[in-house]
Every structure is written in C-alpha cells, then in structure tokens.
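> Numbering (numbering that gives the first Met the number 0), first residue to last: 0 to 434.
Hints may contain errors.
[Claimed, not checked] Straight-line Cα separation of at most 20 Å, SDA-like style, residue types lysine to any residue; simulated pairs:
#	residue 1	residue 2
1	223	256
2	310	290
3	329	387
4	377	422
5	80	105
6	287	30
7	347	386
It is worth saying that the hints were derived from the structure and are not from the lab.
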Amino acid sequence: MALQPIAALAVDGPVLHEVVMNNAAQDERKWKILALTFNVAMQSGSPEAATQVLSRFADQQLDMIAVGFQEVQHLETFGAKMSTWANDFMDWFAANMPNMVVVARTYQATNQVFVLVDNTHLSEIRSVDYRYARNTMRGILGHKGSIGVRILLKGHGEAIAGGFVFVVSHFVHDVLQNERRILQYRNDETCSFPEDPFIWNRIWLGDLNFRNEIDPDGFEPFFKGKRLRELLDQHDQLNAARRRRLVFGDWSEAPINFPPSYRYYVGNHNYDLKRTPSWTDRVLYKGKLTVDEYDMIHEVQTSDHRPVFCKLKASVPPRAPVNWAVQFEKMPAWNDSVPVPVRFQYLKGWWSRFGSYWDWVGLYDASLTNVLLPIQWKYAVNCIVDPASKPLHSVCEFPVLPAGRYRFGYFSKKFQCLVGLSKGFIVAASRPSSR
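Could you build the full structure based on these sequences and the hints that come with them?
Next up, the structure:
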C-alpha cells in the first residue's frame, strides 16, 4: 500500500526548509561515505581532541558518516561523564557540518558507534536495526565483540530500495591469538546481516587487532628502510588470513599507504616497541563501493592507536517519492507565553499496522542535528484523538517554549527512525507589557 508523498528536506544555512521532490524516477546515485574507527585506549576525550580528529573533514560534502570507537571508558558509556568522545564528536558535527544528522547510535561494553546522514536523505530512511555479538568471557561480555548497524532505504510505495550495513568490531588482542581472531570474525559475521538481499553496501571497521608476525626488533629495518609494503605482504596476519580465505574472503580493502596505527606512546609520535607496531585498525568493504581515500590521522596523540578512516563512493538506488507515514499539520507562528500544540495524522492506517506504545513525538530545534535527542518528547499513545477532525488527527501539547525555530518529528519504535517530520515553525518573543 503506497503512502502519500509529502515534502522532503533541503538546507539553507543551518536551518532546514522544505522542497517537493520530483516524483519521476532518477538514475542511480553516488553517495560519499566516511567510515572512521578510533581505539581511544580508555583515554578521556575533549572538544579539542574531537577537533583534532575531525577538522580535516570540515569542508567536505558527505552523504553518510559512520564513527566507531573502541575502549571507551565505562563512565562515558553509562553517562557518568559530562564530556564524552561520542558527544564531543557529535557536537563538532553539529557546529561544523550542520547538514549532518545523527540517525543511529548504540554501544556494547566499551565499544560505541553512531551514524549520520545528510538531512536531505532523512525522508529516505525506512528503518534502522542493530545486531550485537559478544566474545569476552565466552560471550558473556562484549568488550571484545562487534556491533552491526543496518540502515534500509525506501523504495516506491512501501518497498525497500536498498541499504547499508556498518560493522564496528574490537577483536581479541595479542599476536598469538590469531586463530581466535579468525573464529571471532566467523562468529561476528552475523552483524553484517549476511542474509539480507536488500543490502547494497557493507563496511566493516574497527580495531581488528591482526598483528605483524615479527619481533619488535625486526620491525625497525622495515620501518627505517621504508619497506612497509613488504612488511604488509609478508607479515600482516590479516592479509595472510585473507589470502587463505579464512576471513573477509569476499571483502575488499584499499591499499595501505600509511604506517602502522598501533602501538604509540600516548602524547608523542614514537612507537612503543614493547609490542610490534601493527595495522590493527582497518576498514574493509563489499558492494557497490569505490575508495577515494584510506589513511591514518597522524597528528592525533591522545591514544596508543591512531584514528583510521576510509572515504568511499557508494552506489544507491534512485530516490523514490517522499512518503512520510505520519503527517504533521502546519504550525503557525507561535508566542513564547503560550503552550505549543501539535496535530498530526497517520496516513493509510499506519498506526494499526506498525504503531507502538513506545512511539514518541519529539520537539526539535529546526536545524535538527540528532534524531535521537529531541529537546522534549511525549509518547504518541498519550496524545488524544480529535473526534471532530476529518481525517482524524491526534493532538498533544508541549510546554511554553523560548523564542526560536522548532519542528516536530515522529519516532517509530518498530522502525527505529523518524517516520514523520514537520515543517519548521517560529516561536516569537512576547512583547513587554506597556503597563
């Protein structure tokens, strides 16, 4: 059953506005993707550290970004620290790439991942799903493990047009644990949603922990002699396992032209030769993808790892007409002394088929940089139905808001994404009394 097309999103400065998409089928498109992995080694983050990692991407036009962290402090994961790596990164994106919107975020033990898309693609997201694989203590804990994020795109009507999967992993450490890493890959492959025929593109990133099988003393001749390609070909465990098709047999990796990403002394650029320097941090891919750049961010010294990133171009299906499932009534300009009402309707019986008591209506700043973090929210089931409206509308009320620009969104528990987004509206400051 086809849903009615309504407005999509475009950007005019930091504030979103609406443009009606052409319903005609378009050619297959290319999206620019950034995948970045960083093992932060239990070190504290900061806005300055986030800037150091991300500043090189400030002027780049990207369609989707996936960031994976390993070895994040437990205090960050459980919300006991005000400043966290993930929040500092997301704040940087909000300030420097305001067109990018967080649409997925999750964690497992000390591993975290979040995904952003350009706001013009928000209406294309059909669903977001997560998978987890735990490998520590025989699968009881997930410090070593993997997280899969699947993002499906809408086709015409209610069809699925295609999708992306990002897998973020932290494999078992130690040069002698190569066989366990191979077994972990096989166990965690489920996080790539291998059974899903709709996925066009998969990207696997993280601290995969494959080592150079050579003593630390044997590393220096390769490093000083600029023979890193030879070192990779002869001693890198991941390359050896891939040649034997033990891991990532049908995945690809771009040529590595950067030095080993591990192990450094924190605070400088010198290798700690208690461990053989190795390319532990990797990005692999398969699907309709080509690589533009694969590199390490050398300047960052806050961890014993260096961040590694891959920029890719991904083929995606033609854009279908916009078909939000929940349609908001246009909100007039409002006043900051009056509670704010919101009215919306479910199109084509959406609630009876897909609605959940966990669905919520969120109030956002009009710029909308994080779908998962509204200013305020209310469960949709607590909204009342206006019996006099035709078609029927649901109605709820938000408290008085300060002057600014806002919009509403409807978040579906089943699909774990927005299924409705309002136009922006203005709340104006009250005029001071003349008394």
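> Each hint needs a verdict: does it hold in this structure or not?
Now the hints, each set against the structure:
1. About 15 Å separates the Cα atoms of residue 223 and residue 256, which keeps this hinted pair within 20 Å; it holds.
2. Under the criterion of a C-alpha separation no larger than 20 Å, the hint pairing residue 310 with residue 290 is consistent with the structure, at around 6 Å.
3. Between residue 329 and residue 387 the CA atoms are separated by roughly 18 Å; this keeps the pair inside 20 Å, and the hint holds.
4. Using a Cα cut-off of 20 Å, the hinted pair residue 377 and residue 422 holds, with the two alpha carbons roughly 18 Å apart.
5. Restraint check for residue 80 and residue 105: satisfied, since their Cα atoms lie roughly 17 Å apart, inside the 20 Å limit.
6. In summary, the hint linking residue 287 to residue 30 is supported, as the alpha carbons are separated by about 11 Å, within the 20 Å threshold.
7. At roughly 18 Å between alpha-carbon atoms, residue 347 and residue 386 fall within 20 Å of each other, so this suggested pair holds.
No hint from the list above goes unmet by this structure.
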